[in-house]
Structures are given as C-alpha cells and as structure tokens.
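Mind docking these for me? Both chains are given alone in their own frames, and the hints should help you get the complex.
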Amino acid sequence: GQQLNQSPQSMFIQEGEDVSMNCTSSSIFNTWLWYKQDPGEGPVLLIALYKAGELTSNGRLTAQFGITRKDSFLNISASIPSDVGIYFCAGGSNNAGNMLTFGGGTRLMVKP
Amino acid sequence: SQTIHQWPATLVQPVGSPLSLECTVEGTSNPNLYWYRQAAGRGLQLLFYSVGIGQISSEVPQNLSASRPQDRQFILSSKKLLLSDSGFYLCAWSEGLGTDTQYFGPGTRLTVL
Numbered sequence: 001g002q003q004l005n006q007s008p009q010s011m012f013i014q015e016g017e018d019v020s021m022n023c024t025s026s027s028i029f030n031t032w033l034w035y036k037q038d039p040g041e042g043p044v045l046l047i048a049l050y051k052a053g054e055l056t057s058n059g060r061l062t063a064q065f066g067i068t069r070k071d072s073f074l075n076i077s078a079s080i081p082s083d084v085g086i087y088f089c090a091g092g093s094n095n096a097g098n099m100l101t102f103g104g105g106t107r108l109m110v111k112p
Numbered sequence: 001s002q003t004i005h006q007w008p009a010t011l012v013q014p015v016g017s018p019l020s021l022e023c024t025v026e027g028t029s030n031p032n033l034y035w036y037r038q039a040a041g042r043g044l045q046l047l048f049y050s051v052g053i054g055q056i057s058s059e060v061p062q063n064l065s066a067s068r069p070q071d072r073q074f075i076l077s078s079k080k081l082l083l084s085d086s087g088f089y090l091c092a093w094s095e096g097l098g099t100d101t102q103y104f105g106p107g108t109r110l111t112v113l
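Here the protein sequences line up with chains A and B, keeping their order. The first sequence stops at residue 112 when you use the numbering used here, and every number in between is there. The second sequence stops at residue 113 when you use the numbering used here, and every number in between is there.
So here's chain B without its partners, still in its complex pose (with noise of 0.2 Å):
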C-alpha cells in the first residue's frame, strides 16, 4: 500500500532564516506530488505541482520554491522566510495517469516568529 511522509511535523523558524519541507512517497512509482498551504482555519491553496522529476510548475507568486530531485521525493524551500509564510503545508500525491484522487500526507505545522 501507498504512504506518504512529511518532515518535519512542526517546525519555528525566525523571519529571514532558511526553508526545507520534505515530502516523500512510498509504494507507488512517478506519482504526481503537489504542495498546499493552509491559513488556520481556512481552506486549502496550491502551491505547487510536479508530473515528474525536475517537473515544477507553480501556481501562485511566492517566496518558496519546490524541487523533485527523486521520483517520490518532493521539497519545499525558501531562502528567507516571512511572517506570511506562516501555515499548515501538505503534500500530496496522486496516480501520474487518470484518476485525479490526492491522497494528502499529515501536514507540517510552520511558525514563522
């Protein structure tokens, strides 16, 4: 069966200080992985999406960046974070063909002071 993890599960990072999130997949083979912020509270935004290695495509203007140096590993970074930045981010993964199902990771929790 598929797993996904995310590392770390909670992480306080001072304003201007560096940035890696880090998701990876288990038990499926060129998944599509996908990156999402959540506000507390609210709904969920795309950050970024990935077809294959070294395959980003971005939805929103941001201060991050994503990168997929693995076929099931997918990375969040900034070189220097904002307070916006703060959130709940998750990943996600879903077969590379067909069915548009996301199986979503347990989130990691950012703090940005």
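This is chain A alone, in the form it adopts within the complex (with noise of 0.2 Å):
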C-alpha cells in the first residue's frame, strides 16, 4: 500500500527560528494536504495543495507539491511557542472514498 515517510519525527527548536519539515513517498499523489494537531484536539488543515508544484501560503507558514506529485514540504518562518503541536502530512489520489495516506507526524518543541 501506500507510505508516506515524515521527518524529522520530532523538533525541539528556539521562539524565532524557521522550522522545514517534509514528506516523501515512492507513490504519485494529486493532493497535499498538511495539519497541524494540539494536545487533545482534532487536526486542523493549514494547507492544501493541489497540483504539481503548486507553492501556497497561509501566514507565516509555506507549503509545496512536489513537481514529481511523490513529495512536499512545509516551513514555518519565525517560529513563535503557539505553533508547538504535531504536524502531519496527508496525500490524496482521487481513490474510492477519497482516503488519504497519512506521514507519522513531525512533533515541534519551541522554546521560548
């Protein structure tokens, strides 16, 4: 079946700097989804992408679709203590059900 491979699992980084993390599968996907998840809620869309190179912004944070559709990434700029959380990322390809293939989660630490 299909993988998604997430790093880094974890971050533990200071309040200010810019934060990458990443996705990469050996499968084509032609959708990109990434969410960030706080302790004891559900995850929250930040950006979805869309269509092969696609480069979206939403605040401080960027997100890209790989041109081969079989990656992409997202950084955050100028990192402050409430973008603490899990991060996870999530491919989509138009199957029945519109299942996603989800990454393991990068988890960020920022210290303030």
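No lab work stands behind these hints, which were simulated from the structure alone. Just so it is clear, CB atoms sit at the ideal spot from N, CA and C, and this is done for glycine as well. A couple of the hints might just be wrong.
To give an idea of the chain B side of the interface with chain A (calculated C-beta under 8 Å), a few residues [unchecked claim]:
id	residue
1	A40
2	G43
3	L44
4	Y49
5	I53
6	S86
7	L90
8	Y103
Simulated restraints on C-beta separations [stated by the list, open to error]:
id	chain 1	residue 1	chain 2	residue 2	range
9	A	I67	B	S77	43 to 51 Å
10	B	P18	A	G16	48 to 56 Å
11	A	S82	B	P106	16 to 24 Å
12	B	Q45	A	L45	15 to 23 Å
Computed far set for chain A versus chain B, every beta-carbon distance over 10 Å [what the hints assert, rightly or not]:
id	residue
13	P8
14	A52
15	F73
This is the structure in structure tokens:
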C-alpha cells in the first residue's frame, strides 16, 4: 500500500527560528495536505495543495507540492510558542472514498 | 459553513462494556465520513469510512463497528470493549466527490479500564 515518510519525527527549536519538515513517498499523489494538531484536539487543516509545483502560503506557513508529485514540504518562518504541536502531512489520490494516506507526524517544540 | 461535532469529548469505560460514539456534520450534504483512531503520540489509523447512508467500509479487523443511520451522522460502536480500544477517536468528513480534503472533529478520548 501507499506510505508517507515524514521527517523529522520531532524538532526542538528556539523561538524565532525557521522550521522545515517534509514528506516523501514512492507513490504519486494528486493532493497534498498539511494539518496541525494541538494536544487533545483534532487536526486542523493548514494548507491544501492540488497541483504539482504549487507553492502556497498561509501567514508564516509555506508549503509546496513537489514537481514529481511524490513529495511535499512545509516551512514555518519565525516560529512562536503557539506553533507547538504535531504536524501531519497527508496525500490524496482521488481513490474511492477519497481516503488519505497520512505521514507519521512531526512533533514541534518551541523554546521561548 | 460546515461544522463537525463529536460526542462525548471524554469517556471512561470498564472492559467488557458497550460503546457508542457519535459524529454529526452540519452545513453539507452527502459527505464522505471517516473514523480514525490515534494512540498516544502516534499517527492516525483509519478504521471506517462511509460514502453514503448504510454504506460502511472497514479498513482494519477489529472489535469495533460503524453505522451511518442518517446522511450526516456517523456512529462508532462496540458490544464489548477491550483494553486495547483505548485511544483518541477522530471523526472526519470530506465532500462526496472531487477533493480529497478532510476536515476533522474535536475528537473523543476513550479510556478503557
């Protein structure tokens, strides 16, 4: 089946630093999604990418849909304490039921 | 706008007791609905999905079942809970056709003792 390798698994950074995380796969996806999950809550959609090569920003967040359709990255600029959480990537392939394949998550910790 | 609700928010149940978790969606029609389980500090495991009333697909063999009695209602059930059923249960929805984008509910924390 399809798998997504998300890295790094965790990051501990200083407030103000930039963050970069990525997801790679051996399979092609038609959609790449990035979610953030705060402790005890459901994941919240940050950015949705629908086209190979697409680069999209949402405030301090920027994500790109890899040109090969097998990877995506998420950058966070000038991190702040509220960026703490788990970030998940997800790939969609327009299958029956619109099921997504999720990465294992990147746990981000920010030191004030 | 669309909203998704889950009930209850937290639940503590003894081993062997039944389970019923509810998920409802507002502001959309004929959505695809999903149940996920998340173990502590882990990723998301898809348990069930539904593309319409009465249509349930199971992704993993397990002690749980799902039902969709109404268009925007999705229920996760068990007749007898196991310790291994503990976890964080998330419901999600997506549009019936086209986009894969899923939107998650707030989750239910289930502890089986």
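List in ascending order the numbers of the hints, as given earlier, that are violated by the structure. Hints 1, 5 and 6 not satisfied by this model.
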